[in-house]
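Peer 1: Protein chains in written order, with this note's numbering: chain A, 1 to 118; chain B, 1 to 498.
Hints are supplied without guarantee of correctness; some may be wrong.
Partial list, derived from the structure: chain B residues whose beta carbon lies under 8 Å from chain A [stated by the list, open to error]: (1) 141; (2) 163; (3) 186; (4) 417; (5) 420; (6) 421.
Bear in mind the hints are in silico, worked out from the structure with no lab data behind them.
Cβ atoms here follow ideal geometry from the backbone N, Cα and C, with glycine treated the same way.
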Amino acid sequence: MSFIIDYYNYWIVVFLMMAGFYIVISANNLVKKIVGLNIFQTSVFMMYISIGKVSDGSAPIVADGITTYSNPLPHVLILTAIVVGVATTSVGLALIVRIKKAYGTVEENEFKDKEDLI
Amino acid sequence: MFELHAPVLPIILPLMAAPLCIILAKRQLAWLFATLVSALSFCVSVSLLLTTLDQGVVSYALGGWQPPWGIEIRIDVASALVLTVVTAISSLVLVYAKESIEKEISQDRHTLFYTAHLLCLAGLSGILSTGDAFNLFVFLEISSLATYTLISLASDKRALIAAFRYLIMGTIGATFILIGVGMMYMKTGTLNMMDLAARIAEFDGNRTLNTGLAFIMVGVSIKLALFPLHMWLPPAYTHAPSAVTAFLASTATKVAVYVMVRFIFTIYGADYVFNTMSMDIILLVLAVVAIFKCSYVAIVQNNVKTVLAYSSVAQIGYMVLGISLVSAAGLMAGLLHIFNHALMKGALFMAVGAVLLRTGSVDIRAFKGLGRQMPFTMAAFTIAGLSIIGVPLTAGFISKWFLVSAALEQQQWLVAFFVLVGSLFAIVYIGRIIEAAYFKKAEQGVDIKEAPMLMLIPMWILVIANIYFGIDTSLSVGAAEAAAQWLTNSAAVVEATP
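Bound-form chain A, shown alone (with noise of 0.2 Å):
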């Protein structure tokens, strides 16, 4: 038991990594899709943010009488993360706006031409 309970942040990780990873697969409608992709890489995020936190650390600013900071790379490192996920999903949402306006529809089993598509 203590070994969920003990591990709940990663609990959600993979939870939050297989939600996301399945609404990414299974919607029908691209911005889920797009939806369904962000929450998975938000858990990716909340899985370096608990690599980083050391066990009475603090938030890695400099205050008067911390000594223990949490480990201040994974949060710069997903920070860029976090920048690259905004801009893929900018780039996918301005994508749909294209395909709803060339096919006037965002539910992929609408398109026409599908089968062109190989």
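Got chain A; can you put chain B on it based on the hints?
Peer 2: Positioned in the frame of chain A, the structure of chain B alone reads:
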């Protein structure tokens, strides 16, 4: 000054040039500027290749922060070789693009095309020269995001869906790599590749590291379109503008193969990946199936771009096959095929782009009688096609020769047999197109002109390179051999440096 900062220039030049391209706004000016920047990167890459062949490795500490704390740019022979190919193809494609995109991309988007192309080039160069696992992920995403944009620029609306699917698949692949890198960091506390290699060698079969390796291999396999994770590639290549397809087919997937080589040989070590984790069997089987299945699928397609796209997946099979043979000879054949395949696929897609410009179609029926109407284009197509098949005196023959002899060296008769069967399939799918071009009559009353000079010149440079590297192999084979030696010995190097 130049010598000192040369390792970082192939990344910085296109990255800084991209926003300038938008400011220039005039499309002729943007074209000229982008081509010059790309050519300059090529010159720097060649000088880097010569330096690395001489010294072995060039290390550059970004911002003066020494590795392993700072971010390191680290170029060895393998990276310099692929970097030279990528920048050379990029320069040729940009020359070619001016006429090619005229018909395929609406005029107000031409500057954006050059911008995205430069960003993609910056990302690819970054992947090749970085010595930091996390930076590799960031550069991978820069190049991928630019690629999605490039594909969606096509006026064909199916390109949008192809780009969207590629975005979904590519992001999942990149996120898998991110998870894997996180797990490596979790265990070792470092991101510098050399440092990682040294610390991973100390662990003996740790579960977190194994999981990380599995995530990375799957992620990279999506990026390099290894069978059965290749489903994004054929639609993306088919519907993208011709210039984009020529660029991506000869660079993007090759760079992903390079990433796989980097993770296997530099970071985890070939011994660990192949002996402890037995990944060679998995890769070998997938590569052989890719060669067989995708060559077969290529035969039954009618859209010539799709034929060549499936052929690309099969050719990636050859490269992965070389890696999975677990020998210096196999790795060298794989690296050599990265180089040679870029030359032939670039030329083939350029020729198809020229046909698309003049006939408005890439269906195999549009090729009827083109042998007479577009003699230079079809001659280029034929020679590059012979190279794909692996006819002697072309570059394709050289890489297949080394691949088959590497397989025979290990008594893998079946593997050698499948490589040859793949070539037979290539005769069929290339032969169908050549047959339509030379032995079928053109439809009456249709007058088709030869492709414009600006498209023929880069196409023929690649074709001549195909023949040149099929006869004089001292440069290509020499560099691939040095790179393979360097990579297989890197485990020993790690132990030597404390």
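Peer 1: If a hint holds in the structure, say so; if it doesn't, say that too.
Peer 2: Status of the hints after comparison with the structure:
Nearest Cβ of chain A to the Cβ of residue 141 of chain B: about 5 Å, under the 8 Å cut. The hint holds. The restraint placing residue 163 of chain B at the interface with chain A holds, with a minimum CB-CB distance near 6 Å, inside the 8 Å limit. Checking residue 186 of chain B against chain A by beta carbon gives a least distance of about 5 Å; that is within 8 Å, so the hint holds. Among the interface hints, the one on residue 417 of chain B is violated; its C-beta lies about 29 Å from the nearest C-beta in chain A, farther than the 8 Å criterion.
Taken as an interface hint, residue 420 of chain B does not check out: its beta carbon lies about 27 Å from the nearest beta carbon of chain A, beyond 8 Å. With a least beta-carbon distance of about 23 Å to chain A, the hint placing residue 421 of chain B at the interface is violated under the 8 Å criterion.
The structure is inconsistent with the numbered hints 4, 5, 6, although it conforms to all the rest.
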